[in-house]
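Asker: Here is what each chain is made of, one letter per residue.
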Amino acid sequence: MTPMARGVARTPSRLFRKILVSAIGFVMPLATLVLMAFFAVNTSAFLTFDNFVAIVSQNAAVIIITAACAMLLMAGYVDLSVGSLMGLVGVVAGLLFLKGGVIAGISGALVVGFGWGLMNGVLIGIFELSPIVVTLGGLAAARGIALALAPKAVYGFPDFIVELGSGKFLGLAYIGWIALAFATASIVIISTTAFGKHILAIGVNQRASFLVGIRVKRTILTLYILTGLAVAVGAILIVARLDSAPSGTLGVGMEITVLTAILLGGVPFTGGRGSMWRVLLGVWFLTVLRNGLALMNVGAEFTNIISGTVLVVAAGLEVLQMHLRQRA
Amino acid sequence: MAARKSIQLFDLSKSYGSVGVLRDVNLEFRPGEVHAILGANGAGKSTLLGCLSGAVLPTSGTIQIDDDEFKGFTPREALEAGISIIYQHFQLAMTLSVSDNVFLGDERQTRWRFLKKHEQERLTSEVLAKIGLELNPSDIVEDLSIGEQQGIEIARSVRREPRLLILDEPTAALGKHEVEALLKLVRRLAREVGVAVIYVTHLLGEVMKVADRVSILREGRVLWTKRRDEVTVADMIKAISPDVAATNAAVVRMASPGVLATFKDFETSYCGPFDFSINEGEIIGIYGMLGSGRTDLLETIAGARRHWNGTLRLAEEELAHHSVSQAMMSGVALVASDRIAQSLFASLSAQENLMMPHYSAIARLWRGPRKEMRIFNKVAGEVKLLPASSTTAGSSFSGGNAQKLVLGRWLVGIGDVRLLLLDEPTQGVDVGSRAQIYNLLRKFTEDTVGRAVLFATSDPEEAISLADRIIVLVNGEVKHVVDPSLGEAELMSLAQSVEVSHGVDH
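Chains as they are written, first to last, in this note's numbering: chain U, 1 to 328; chain E, 1 to 506.
Just so you know, nobody snuck in bad clues.
Chain E side only, calculated, beta carbon under 10 Å to chain U, not exhaustive:
| id | residue |
| --- | --- |
| 1 | Leu334 |
| 2 | Arg339 |
| 3 | Ala346 |
| 4 | Met355 |
| 5 | Ile362 |
| 6 | Arg409 |
Below, computed lysine to any residue pairings styled on SDA-like, alpha-carbon distance capped at 25 Å:
| id | chain 1 | residue 1 | chain 2 | residue 2 |
| --- | --- | --- | --- | --- |
| 7 | U | Lys168 | U | Ala45 |
| 8 | U | Lys18 | E | Leu386 |
| 9 | U | Lys18 | E | Pro387 |
| 10 | E | Lys378 | U | Thr193 |
| 11 | E | Lys371 | U | Val188 |
| 12 | U | Lys217 | E | Met329 |
| 13 | E | Lys371 | U | Thr193 |
| 14 | U | Lys217 | E | Ala346 |
| 15 | E | Lys371 | U | Arg273 |
| 16 | U | Lys217 | E | Gly415 |
| 17 | U | Lys217 | E | Ser325 |
| 18 | U | Lys18 | E | Ser389 |
In case anyone wonders, no lab produced these hints; they're calculated from the structure. Nothing here was measured: the structure is a model prediction, and the numbers come from that model. We treat Cβ as the ideally placed atom computed from N, Cα and C, and that holds for glycine.
Just chain U, same shape as in the assembly:
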């Protein structure tokens, strides 16, 4: 067998293909810049420090949950119940804030998030049930439990919580700082720790991962627990900001936003590749989109139409990239 040619492109068409592959990688960042420029031109309120701060604060929960779910998807696993779980945790936290105070509420929320993640992790990671089936069931069940616990909205939380939700530090809301901390942590985990490498390996080849001594089941369990905890933190932050926990609407549709951001970030549904930077850029794109359209007084429906279209286009570009890579 002849040795593989070293990575230098030899023919013009091969070089062209390599350039094209890299170029496609720039599409998403470029699209984000174009989008921001568009809004900057069309609304005076967009390109301000306060607005950007607001974007981060309003979407703190999405950022946190997306970071956790991105790690899960890189390993090839998914959690569709995050939106409903957020509703459930929010309600639990809210009720506990009213009945037991701040500590009770926060600990209760974390316990529920941990427990739910543990359940998912055991059923999916250890017993090897289908992730889509289990978390889809969870999506329905969690929402039901939330509604059962709090048929009417829960509101009026202790001052500490309200302060947490609306207070600022150095111009950025507390919850914004927490979101940034989570985002940074997720980038660090994926790119510099052994755990991060294991996640990708499991996404690429579970059998090979097992045979090099990676504790596959334990890693999957951990990822689901982290997701549950991330949802819990996100729920606390939103509930603090809203000063209420509406059981019927809290977190509805969040899983769609989260998954869209992750897929835009280049993580395929089967896992095994992806960069956390790109995922966070995906979140930024979607949140900027909604923010800008709102500033332009355009209806929320358009956000969904556009983000759905962008997702399909992004998927198409990724397939194109894959074809170009293989023939190069």
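Assemble the complex: chain U is given as a structure, and chain E must be docked to it using the hints.
Answerer: The following block gives chain E in isolation, referenced to the frame of chain U:
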């Protein structure tokens, strides 16, 4: 049924460039006869079958069927000419029924494209009866046993009334009883249905039970064709792989007095119990046919399967690991057999592929990219990796280099590997890389005290070239422990599960 003539091959040859794979093959396949074709790896069996089934276009020569002469086929033409081939890995639709599968791709339909289900089931029952398989046409395939599933593959072919049925290593995945059933079926197909059958296998015991005629292929040529009652197993072994004096006599290996690993009453799901000890610096080969338990034994020692019974001691310490990571910490590491499915991370970089088992060990939080690069470069140099590029994706490496990369995982120097296990160390690897891998393994045992290699192979040449001592594994039993000077022919005869009479006592 009209009397059929034989199918004949006249001077059939196939070359790839200047490499001749088949040379002037002359063979005759008679209706009602089971014709066994034997040969070592690379002798040309697959190419020959390919020419008949339409997968390969011969370079010269002709295939004669009745009064027609063919220079070659496309798969469709081969089917139309009445040639049907059944491969080792069946292609059945598991969730469909028996009759669905028998008619898959050739369904009976009404004018309006509805399936004629009853008619298909009726015809399926007829075929099943013809070949003696008792199945309900509406049974779902995935509920059936492997033997029955293979029977369905055969029913599928037989329904088209082929004149030539080719079976390529059909018993590789079957248990003892299923093998008997298959052999019975094959005999029936030939004698009662009148099909000409080509039976390709490594297992000489089966040949003695089912074949009427035997041909041996060696280096692309037909060595001889004889009637089965004219040959013995010993004749066949000698013909397939004549005694080759140990070509690696030049390699001088030091025998070390110290014992490194001891197996006592060692038993796994398929193997043992047995007692054995491995000395420091030794390379032990496990030689056995497919299904002898080689992989089970290695993977159990590596911690990838249910824990063993009995004891395994490594350098005075009794091993008790229950997982792969624990095994690695005790100094036991495995290079698995199918590297694409079980070892390589195709889309990850070469460096990641190399370092994957060690990330937990080198740093909990901060990995050092520069340190990793240094390690990569050192190992890439040692194994002569080509391309020696840490960023190249795993899938871009050729077979030999991919295997060297995977082997390199355990030469990194992190987490002292003392017992290195390899399952089919050079499967699908070119000759040059093979020699390099053998040298790397020898170096591994010589560089540091207290190391040994245990590998499993189905290639007798590999066992003899690489091992200091060879364990012959037959159906899970450690039947013999031999010296490589035995020669390939003797080694092969020892691994057969059928009694072979031979003059030499070992």
